[in-house]
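S.K.: Heads up: the sequence lines are chains A and B, in that order.
All residue numbers for the first sequence refer to our numbering, where the first residue is 1 and numbers rise by one.
All residue numbers for the second sequence refer to our numbering, where the first residue is 436 and numbers rise by one.
Everything labelled a hint here was simulated from the structure, so no lab data went into it.
Here the structure is a predicted model, which is why all the values come from computation and not from measurement.
Treat the hints with caution; some may be incorrect.
Among the chain A residues that face chain B by a calculated CB cut under 8 angstroms, a handful are [stated by the list, open to error]:
no. : residue
1   : Glu155
2   : Lys156
3   : Asp401
Derived Cβ-Cβ restraints for the label pairs, each shown as a range [said to hold, decoys possible]:
no. : chain 1 : residue 1 : chain 2 : residue 2 : range
4   : A       : Ala221    : B       : Phe485    : 26 to 34 angstroms
5   : A       : Thr330    : B       : Ala456    : 52 to 60 angstroms
6   : A       : Thr248    : B       : Arg636    : 41 to 49 angstroms
Even for Gly, the Cβ is constructed at its ideal location relative to N, Cα and C.
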Amino acid sequence: MRRKSAALVAVAALLVGGCSAAGSSTGDGANGAAPVEFSGFVGGPGILTQTEDAIKVFNTENPKYKMTFVQGQLNQPPLQQLTAMYAAGNVPTVFVLDTSSVHLVSDKLLDLSGEPWVDNAYPWAKAQGTIDGKVLGVPASVTAIGFLYNKKLVEKAIGGPFDPATVRTRTDLERLFATVKSSGVAAATQVSPLNWSLGAQYMGKLYDAQGDDAARAKFLADLRAGKVDLMSNAVFNGLMDTLDLMRTYNLNAAKPLTGTIDTDSKAFADGKVAFWFMGDFQWPVLQALGLDPASDDYGILPVPVSNDPTDPWNQKLMASSSFMLCIDKTVSTPEQQAAAKAYLNWYITSPSGQDYMVTKAGQVPAYSNVKLPPSNPLGRAVAADVSSGGTYSPVLDLPADHLPVVGDIMVKYLDGKLDRAAVAKAIQAYWTSAK
Amino acid sequence: MSRHWRNAGGYLMFSGPSTFAFGSVTIVSFVAGVVLTFTNWDGLSTSLSFAGLDNYRAAAADSAFWASLAMTGRYVLFVVLLSNVLAFLLALGLSGKIRGKGLLRAGYFTPNLIGGVVLGFIWYFIFTQGLVAVGEALGLEALSSSWLASPSQAFWALVITSVWQLVGFLTIIYMAGLSTLPRDVLEAADIDGASGLTKLRLVTLPLVRPSITICVFLAMGRSFMTYDVNLTLTNGGPYGSTEMVAMHVYQKAFVYQEFGTGQAQALLLFLIVAVISAVQVSLSRRGEVDL
Numbered sequence: 001m002r003r004k005s006a007a008l009v010a011v012a013a014l015l016v017g018g019c020s021a022a023g024s025s026t027g028d029g030a031n032g033a034a035p036v037e038f039s040g041f042v043g044g045p046g047i048l049t050q051t052e053d054a055i056k057v058f059n060t061e062n063p064k065y066k067m068t069f070v071q072g073q074l075n076q077p078p079l080q081q082l083t084a085m086y087a088a089g090n091v092p093t094v095f096v097l098d099t100s101s102v103h104l105v106s107d108k109l110l111d112l113s114g115e116p117w118v119d120n121a122y123p124w125a126k127a128q129g130t131i132d133g134k135v136l137g138v139p140a141s142v143t144a145i146g147f148l149y150n151k152k153l154v155e156k157a158i159g160g161p162f163d164p165a166t167v168r169t170r171t172d173l174e175r176l177f178a179t180v181k182s183s184g185v186a187a188a189t190q191v192s193p194l195n196w197s198l199g200a201q202y203m204g205k206l207y208d209a210q211g212d213d214a215a216r217a218k219f220l221a222d223l224r225a226g227k228v229d230l231m232s233n234a235v236f237n238g239l240m241d242t243l244d245l246m247r248t249y250n251l252n253a254a255k256p257l258t259g260t261i262d263t264d265s266k267a268f269a270d271g272k273v274a275f276w277f278m279g280d281f282q283w284p285v286l287q288a289l290g291l292d293p294a295s296d297d298y299g300i301l302p303v304p305v306s307n308d309p310t311d312p313w314n315q316k317l318m319a320s321s322s323f324m325l326c327i328d329k330t331v332s333t334p335e336q337q338a339a340a341k342a343y344l345n346w347y348i349t350s351p352s353g354q355d356y357m358v359t360k361a362g363q364v365p366a367y368s369n370v371k372l373p374p375s376n377p378l379g380r381a382v383a384a385d386v387s388s389g390g391t392y393s394p395v396l397d398l399p400a401d402h403l404p405v406v407g408d409i410m411v412k413y414l415d416g417k418l419d420r421a422a423v424a425k426a427i428q429a430y431w432t433s434a435k
Numbered sequence: 436m437s438r439h440w441r442n443a444g445g446y447l448m449f450s451g452p453s454t455f456a457f458g459s460v461t462i463v464s465f466v467a468g469v470v471l472t473f474t475n476w477d478g479l480s481t482s483l484s485f486a487g488l489d490n491y492r493a494a495a496a497d498s499a500f501w502a503s504l505a506m507t508g509r510y511v512l513f514v515v516l517l518s519n520v521l522a523f524l525l526a527l528g529l530s531g532k533i534r535g536k537g538l539l540r541a542g543y544f545t546p547n548l549i550g551g552v553v554l555g556f557i558w559y560f561i562f563t564q565g566l567v568a569v570g571e572a573l574g575l576e577a578l579s580s581s582w583l584a585s586p587s588q589a590f591w592a593l594v595i596t597s598v599w600q601l602v603g604f605l606t607i608i609y610m611a612g613l614s615t616l617p618r619d620v621l622e623a624a625d626i627d628g629a630s631g632l633t634k635l636r637l638v639t640l641p642l643v644r645p646s647i648t649i650c651v652f653l654a655m656g657r658s659f660m661t662y663d664v665n666l667t668l669t670n671g672g673p674y675g676s677t678e679m680v681a682m683h684v685y686q687k688a689f690v691y692q693e694f695g696t697g698q699a700q701a702l703l704l705f706l707i708v709a710v711i712s713a714v715q716v717s718l719s720r721r722g723e724v725d726l
C-alpha cells in the first residue's frame with residue numbers, strides 16, 4: 001500500500017514540477033559578458049516583419065542586450081493576450097497596450113517618470129500614458145480618426161482646388177457630399193458597419209466634445225448616475241445628425257451592413273467613395289491596394305458636430321497614441337527592466353530606432369525630437385496637425401465593455417433597427433449599469 | 436511487495452505521460468477554474484478575495500448569457516441533425532460500389548483537417564465576396580448581399596460552415612459502422628423480399644445505432660463548444676446576434692474582465708452539456724442492438 005502511495009506522490013510531483021517549470025523565464029544576464037536577455041511583445045499587425053528587423057538592428061547596435069521578439073495574434077487586442085501571458089507567468093519585459101488599457105494594468109508597470117527620453121513625447125501624448133502622476137507607458141506613435149478623403153475625386157467634383165480648412169460646419173460637409181454625389185464622380189461616403197469604428201471611434205466624441213477634463217469627468221459621472229438625458233444633449237444630437245448625413249450619402253445605403261473592413265478599404269482605394277470615416281492607421285492596407293505613398297492626394301478631416309463655424313470640435317482631429325509601450329515590473333528582473341528601458345530609449349532617440357518608427361513602420365511620431373517625415377500622405381496630414389496643435393486628446397479610460405456594447409447599439413442604428421431615442425436610451429442604460 | 440512496485444513502475448511508464456498531460460492540462464485547470472468562481476479575480480490582479488456565490492448570481496442574472504445559450508441550442512440542433520443526416524447519406528453512398536471512392540472519401544474528410552480559424556476565414560470570404568459576386572452576376576436577390584450582414588442569415592452561415600467541417604469526419608465513422616454490418620442479416624432481408632428502403636429502415640439503421648450514438652455525441656460536444664468558427668466567421672455579429680455561448684464566456688472573462696463570472700458561466704455550460712450528453716448517450720444506448 002505504501003508503495004502505491006509513493007507512486008502517486010511521484011505522479012503528483014511530476015505534475016507540480018511541470019506546472020511550475022513554465023513560470024521561470026528569466027535569463028542570467030547579470031554575469032559579465034553574457035548579454036541581458038529580454039523579450040518584447042511590440043509592433044502591431046501590419047508591421048511584424050519591420051519590427052523583427054528593427055529588433056535585429058537593436059541587438060547589433062547594443063551587444064549588451066539580447067532582445068527576442070514575441071509575436072502576438074493579429075485579431076486580438078494586446079490586453080487579452082497579456083492576460084493570458086500573465087496567467088501563464090510568461091510575461092514579455094516590454095509590451096504594447098492599447099492606450100485605453102494602461103489604467104487596467106497600472107499596478108504591474110514600471111514607472112518611467114525619471115527617464116529623460118520620456119520628455120520627447122508631445123505633452124498630450126505623454127499625458128495619455130501618465131496615471132496618478134506616473135509615466136507608465138510611452139506612445140508608440142500617433143493615430144488620428146476622422147474622414148479620410150480622396151483629394152482628386154473631391155477636386156474633380158467641385159471643379160477646382162479643395163481646401164480642407166473650408167469645412168467648418170456640418171452644412172459645409174453636407175454641401176460637399178451633395179456636390180460629389182451630383183457630379184457623379186463617386187459616391188460621397190461610406191459608413192463601415194464595424195462596432196469598433198462606430199462605437200469607440202465615432203461615439204467616443206460624445207464624451208470628448210463635452211469640454212475640458214473636468215467637464216468630461218462630470219458628464220461621465222452624470223451618465224453613471226442616470227442624470228443625463230442624451231436626447232437633449234447638443235453633442236449627442238450633433239453627432240447623430242452627422243451620422244444621419246453619412247447614412248444618407250452612404251454608398252451602401254440600401255444595405256448598410258454589407259460593408260466589411262476589406263470591401264470598404266477596396267472601395268476607397270478604387271476611388272468609389274470620396275470620404276470615409278476611418279483612421280490613418282488604415283494606410284498600410286490602402287497602400288497594399290495600390291495607393292501611392294509619395295502622392296499627397298489623400299487627407300483627413302475632423303468630424304463636424306455642429307453648425308457653428310467657430311466650434312473648435314469641428315476643426316480638431318481626434319488624435320491618440322496608437323499603442324503605449326510599457327515595461328513589466330512584476331516578473332522581469334531589474335536587469336531586464338534596464339534593458340527594456342534601453343530599447344525604448346533606442347526607439348525614441350536613435351537614428352535607427354526613428355527610422356523604424358517612421359520610415360519602416362510608416363507611423364506618425366508622437367515625439368517632437370523626431371524630424372523624419374511620415375512615409376504616407378495620411379501620416380503627413382496627421383503629423384502636420386499634431387505639430388500645429390490641430391488635434392485633441394480623447395477620453396481614454398472608458399470601461400472595457402464600452403466598445404462592444406455601444407458599438408453594437410450603433411451598428412443596430414445603422415441597420416435601421418433603432419431610432420435616435422432608442423439609441424439614447426440604450427447608451428444611458430449602458431452607463432447606469434457600467435462597472 | 437515487489438510485484439506492487441513493478442506494477443507501479445509499469446503504470447508510470449505506460450500511463451504516466453498521459454496521466455501527467457491529462458492532470459496538468461485538464462484536472463489542474465478545471466479545479467483552479469472552480470476555485471476562481473468563488474473569487475473576485477479580474478484576470479490580471481495579483482490579489483483576490485473570496486466572493487462567495489456572487490459570481491453564480493451574476494452569471495444567472497446575465498440575460499445575454501441565456502440568450503446566447505438559447506441561440507447555441509438552436510445552432511446545435513441544426514448542426515447535429517444536418518451533419519449526421521448528410522454524413523450518413525454520404526457514407527451510404529460511399530459504401531456502395533462506385534468509382535473513385537477513395538478520392539471522394541479523402542475529399543469529404545479534408546475540411547475537417549482545416550483548423551476552425553482558417554475555415555472561418557475561408558467562409559468569411561465566400562460569404563462576403565464570393566457568393567455576393569455570384570449573386571450580382573446572376574441577378575439572384577438571395578445572394579446579392581453578404582449573408583453575414585443579416586442576423587438570421589448569419590446564423591445559417593454558421594450552421595453551413597460547421598456542417599461542412601463536421602460531415603467528413605462523421606462520414607468516416609458511419610462508413611466504419613456500415614462496413615461491419617453482418618452480410619448474412621442483409622442477405623436474409625433480401626431473401627425475405629425487403630425493398631431497399633425497408634432494409635435501410637429495419638436492418639441497417641438499427642445495426643449502426645452505435646455509430647449514431649457516437650456521431651451525435653461528437654457532433655453535439657463539438658458544436659456546443661464552437662468558438663473558432665464563430666470568432667472568424669461572424670465575430671458574434673451583426674450586433675451580437677450570433678454570439679454563441681463559448682464566445683460569450685470568453686468575452687465576459689477576457690474582454691469585460693469579469694473573470695469569476697465568466698468562469699462561473701463556463702462551469703454552468705459544462706454542467707448543461709454534460710447532462711445533455713449523458714442523457715443522449717444513455718437514451719441511444721438503450722436502442723442499440725446486440726448481435
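S.K.: Out of the numbered hints, which ones does the structure contradict?
M.R.: Hints 1, 2, 5 and 6 contradicted; others consistent.
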